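A.B. asks: Just so we're on the same page, this note's numbering is the position in the sequence shown counted from 1, plus 411.
Honestly, the hints are just simulated from the structure, not real lab data. Here the structure is a predicted model, which means the values were calculated and not measured. A few of these clues could be false.
As the list claims (entries may be wrong) - The following label-pair restraints were derived from C-beta to C-beta distances:
{"no.": "1", "residue 1": "469", "residue 2": "653", "range": "47 to 55 angstroms"}
{"no.": "2", "residue 1": "582", "residue 2": "562", "range": "18 to 26 angstroms"}
{"no.": "3", "residue 1": "523", "residue 2": "469", "range": "19 to 27 angstroms"}
{"no.": "4", "residue 1": "563", "residue 2": "585", "range": "36 to 44 angstroms"}
{"no.": "5", "residue 1": "530", "residue 2": "584", "range": "22 to 30 angstroms"}
{"no.": "6", "residue 1": "523", "residue 2": "554", "range": "17 to 25 angstroms"}
{"no.": "7", "residue 1": "597", "residue 2": "643", "range": "28 to 36 angstroms"}
{"no.": "8", "residue 1": "486", "residue 2": "588", "range": "19 to 27 angstroms"}
{"no.": "9", "residue 1": "449", "residue 2": "523", "range": "50 to 58 angstroms"}
{"no.": "10", "residue 1": "498", "residue 2": "643", "range": "41 to 49 angstroms"}
{"no.": "11", "residue 1": "475", "residue 2": "643", "range": "41 to 49 angstroms"}
{"no.": "12", "residue 1": "471", "residue 2": "588", "range": "20 to 28 angstroms"}
{"no.": "13", "residue 1": "449", "residue 2": "621", "range": "36 to 44 angstroms"}
Note that the Cβ used here is the ideal one computed from N, Cα and C, for glycine as well.
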Amino acid sequence: MIEEHRRSETQGSASRGRCTWRGVVRLGEGGDVAALAQRILRQRLRWIDFDDEPLFADAKRAVALCREIRRRGINVLWSARVGEMPGRNLLRVMRLAGCQEIVARPVVEETSNLDRAREFGFDIRLWGDAGQAGIGVPTGYTVAEREAVAELLPGHHAAQFDLAVAYYRARRFSEVMRPLGKAMILGFPINELCLNLLACLSAARHYPDVAAGLLDQAGYGCPHPVVFRNRRLLRSWMESGGDLRGVRLDLDPAGNP
Numbered sequence: 412m413i414e415e416h417r418r419s420e421t422q423g424s425a426s427r428g429r430c431t432w433r434g435v436v437r438l439g440e441g442g443d444v445a446a447l448a449q450r451i452l453r454q455r456l457r458w459i460d461f462d463d464e465p466l467f468a469d470a471k472r473a474v475a476l477c478r479e480i481r482r483r484g485i486n487v488l489w490s491a492r493v494g495e496m497p498g499r500n501l502l503r504v505m506r507l508a509g510c511q512e513i514v515a516r517p518v519v520e521e522t523s524n525l526d527r528a529r530e531f532g533f534d535i536r537l538w539g540d541a542g543q544a545g546i547g548v549p550t551g552y553t554v555a556e557r558e559a560v561a562e563l564l565p566g567h568h569a570a571q572f573d574l575a576v577a578y579y580r581a582r583r584f585s586e587v588m589r590p591l592g593k594a595m596i597l598g599f600p601i602n603e604l605c606l607n608l609l610a611c612l613s614a615a616r617h618y619p620d621v622a623a624g625l626l627d628q629a630g631y632g633c634p635h636p637v638v639f640r641n642r643r644l645l646r647s648w649m650e651s652g653g654d655l656r657g658v659r660l661d662l663d664p665a666g667n668p
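Construct the entire structure; sequences and hints are all you get.
C.D. replies: Structure, rendered in structure tokens:
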């Protein structure tokens with residue numbers, strides 16, 4: 412069975428009330444990908460947190476899950492809670508199936524384990540004995556490291572998006588559009604993050620009105636929370652005369668899902 416534990420909600424510009432863009436699920440012994448696909452489509456989820464350590468301890472079952480996700484065309488990003496860091500083959504399969512983040516026990520914080528996950532560009536967080544998550548692990552990537560991941564996984568939309576964000580953060584603005592365009596063509600599932608990154612790029616190039624229009628467009632439906640943070644920041648910057656005073660506007664290109 413599939414259990415839903417909690418949902419991350421946001422206020423969409425074109426929706427009534429609050430909407431859910433992120434769900435936490437546990438795929439129990441009787442759960443299957445068909446039921447998961449129905450849940451994703453019904454709730455229009457773009458991110459799933461697999462709070463299911465036993466699932467990823469069984470490499471054969473986890474690989475089967477990832478292959479079925481890809482076969483069915485389930486296009487979401489997701490995180491996986493694990494007890495031990497998966498092997499290299501499973502990590503690759505997970506990444507290609509949409510896994511963006513590994514939530515691991517602190518005991519896996521060994522250089523070899525982290526390097527194995529970093530090879531595929533995963534974000535990494537730790538969770539304690541009481542089950543609380545949120546202990547950060549220094550997993551910042553250099554541009555060169557993001558380029559290496561994109562080369563290793565050339566057909567993976569999230570690897571291209573991560574590279575575009577890395578170029579933006581390095582202020583290599585002229586290089587952002589190529590990987591961002593690839594990410595969009597390959598079907599990066601959170602389109603508002605692509606629009607948000609375009610808004611960041613427009614603001615950095617001193618086109619705040621264009622940035623505002625892109626953020627408005629990104630705000631329709633059930634957007635990622637970073638869209639609202641950037642809209643507030645842009646509005647405050649405009650109202651304070653930042654554009655007239657030449658104050659640089661740095662928007663958040665990705666946020667934390």
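A.B. asks: Compare the structure with each hint and give your call.
C.D. replies: Each hint, compared with the structure:
no.: 1; hint: 469 - 653: 47 to 55 angstroms; result: holds (53 angstroms)
no.: 2; hint: 582 - 562: 18 to 26 angstroms; result: holds (22 angstroms)
no.: 3; hint: 523 - 469: 19 to 27 angstroms; result: holds (22 angstroms)
no.: 4; hint: 563 - 585: 36 to 44 angstroms; result: violated (24 angstroms)
no.: 5; hint: 530 - 584: 22 to 30 angstroms; result: holds (27 angstroms)
no.: 6; hint: 523 - 554: 17 to 25 angstroms; result: holds (24 angstroms)
no.: 7; hint: 597 - 643: 28 to 36 angstroms; result: holds (31 angstroms)
no.: 8; hint: 486 - 588: 19 to 27 angstroms; result: holds (22 angstroms)
no.: 9; hint: 449 - 523: 50 to 58 angstroms; result: violated (39 angstroms)
no.: 10; hint: 498 - 643: 41 to 49 angstroms; result: holds (43 angstroms)
no.: 11; hint: 475 - 643: 41 to 49 angstroms; result: holds (43 angstroms)
no.: 12; hint: 471 - 588: 20 to 28 angstroms; result: violated (41 angstroms)
no.: 13; hint: 449 - 621: 36 to 44 angstroms; result: holds (39 angstroms)
In summary, the numbered hints that this structure violates are 4, 9 and 12.
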